[in-house]
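Residues -18 to -1, 1 to 203 (mature numbering (1 follows the signal peptide of the UniProt record, and there is no 0)) are what the sequence shown spells out, left to right.
Take these hints with a grain of salt, some might be off.
Claimed, not checked - Listed next, the in silico DSS-like pairs over lysine-lysine satisfying Cα-Cα at most 27 Å (straight line):
| hint | residue 1 | residue 2 |
| --- | --- | --- |
| 1 | K112 | K11 |
| 2 | K39 | K112 |
| 3 | K112 | K155 |
| 4 | K106 | K40 |
| 5 | K138 | K106 |
| 6 | K197 | K66 |
| 7 | K11 | K46 |
| 8 | K11 | K194 |
| 9 | K40 | K66 |
| 10 | K40 | K112 |
| 11 | K52 | K194 |
| 12 | K40 | K68 |
| 13 | K106 | K158 |
| 14 | K66 | K194 |
| 15 | K112 | K154 |
| 16 | K108 | K46 |
| 17 | K138 | K197 |
| 18 | K170 | K52 |
| 19 | K194 | K138 |
| 20 | K154 | K194 |
| 21 | K48 | K194 |
| 22 | K108 | K68 |
| 23 | K197 | K106 |
| 24 | K48 | K11 |
| 25 | K112 | K197 |
| 26 | K170 | K68 |
| 27 | K40 | K159 |
| 28 | K158 | K39 |
| 29 | K66 | K108 |
| 30 | K159 | K46 |
| 31 | K66 | K170 |
| 32 | K138 | K154 |
| 33 | K106 | K154 |
| 34 | K197 | K52 |
| 35 | K159 | K112 |
| 36 | K158 | K108 |
| 37 | K158 | K40 |
| 38 | K108 | K40 |
| 39 | K170 | K194 |
Keep in mind the hints are simulated off the structure, nothing from the lab. Remember, predicted model here, so these are calculated numbers, not experimental data.
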Amino acid sequence: MKQTILFLLFSISLPLFSQEISLQNDSLKIEIRNTYSVTKNILGNNKNLKVDGVTLKKVGIIIKIKNTFKSPLPMSAFSLVDTKNKLRYRADDFTQNSAAPSMNTNPSAVTFHLSKGYFTKFRKEKLYTKNGSEIITRLDIPDLDPSEIDYFSQYKIESFTDLEFTMDYGSKKNPKKTITYLGSLTQKRAYGGLEFRIPELFLTSEYDLYYKDEKVGSVTF
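Let the hints inform the model, and build the full structure from the sequences given.
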């Protein structure tokens, strides 16, 4: 799949905080370092997205991962849980590039510039061309690979609603809508932003980050 590089601007609230959890008999350690919300890319385009009439805001959690387990880490096992509205979101992206703060006159926030390579994603549905042929592989569309397990749906929380949004890789005349999910992290150590799309209406709610059925920590944006 084609790796796209994009420059993004996002703001991080200070002060920094840290929450860490050890899982799988200490073979996996996940540390929450901070949170941010994506505002605009370098071209000035707003990063908000409207899907099915709902305006979504892209937010992120900066995490540090140490995985000594033999197998790669399935990133689709991460979820963001809105504890007030009883909603659960799947991870939308994972950025692994370091960011450097720019000058900012507001002491409560720092603007970061991120050179971003998109993490490998997969789609859940079959997609077709205008003439009805199935799309097997295309550079601008995530692959369909049943061997890459989507763990998000395997760890539902009782009384919570899973809220997922389709992405359209087509056009208005020929839409190609599908739910996408993250692949696996092969590195043993990683530091980056785990990103989610949530309704802008719920931006100020209270959230917990989960890995599978384990709570990693609590966050706000």
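- request: Could you grab the alpha-carbon distance between K66 and K108 and see if it respects the 27 Å cut-off?
  value: violated, 35 Å
task: Mind checking the alpha carbons of K197 and K52 for me, to see if they're no more than 27 Å apart?
output: The given pair, whose Cα atoms are some 22 Å apart, holds under the 27 Å limit.
field: Restraint check for K106 with K40, where alpha carbons must lie at most 27 Å apart
entry: With Cα atoms ~21 Å apart, K106 and K40 stay inside 27 Å; holds.
Pair hint K40 and K68, alpha-carbon separation not exceeding 27 Å: holds, 19 Å
- prompt: Taken at face value, is the distance from the CA of K68 to the CA of K108 at most 27 Å?
  reply: Violated, because 30 Å separates the two Cα atoms, which is more than 27 Å.
query: Would the pair K159 and K46 pass a check requiring their Cα atoms to be no farther apart than 27 Å?
result: violated, 32 Å
message: For K48 and K11, compute the direct alpha-carbon distance and say whether it is at most 27 Å.
response: holds, 5 Å
field: Agreement of K112 and K154 with the hint, judged by alpha carbon distance not exceeding 27 Å
entry: It holds: about 12 Å lies between the C-alpha atoms, which stays within 27 Å.
Hinted pair K48 and K194, Cα distance within 27 Å: Distance ~16 Å between K48 and K194 Cα, so the pair holds.
Holds or violated: K108 to K46, with C-alpha atoms at most 27 Å apart: It is violated: about 34 Å lies between the C-alpha atoms, which goes past 27 Å.
field: Restraint check for K138 with K197, where alpha carbons must lie at most 27 Å apart
entry: This hinted pair holds, its Cα atoms lying about 13 Å apart.
message: Checking one constraint from the list: CA of K158 to CA of K39, max 27 Å. Satisfied?
response: Cα-Cα ~22 Å, so holds.
Checked against the numbered hints above, the structure breaks hints 1, 2, 10, 16, 20, 22, 25, 26, 29, 30, 31 and 32 and satisfies the rest.
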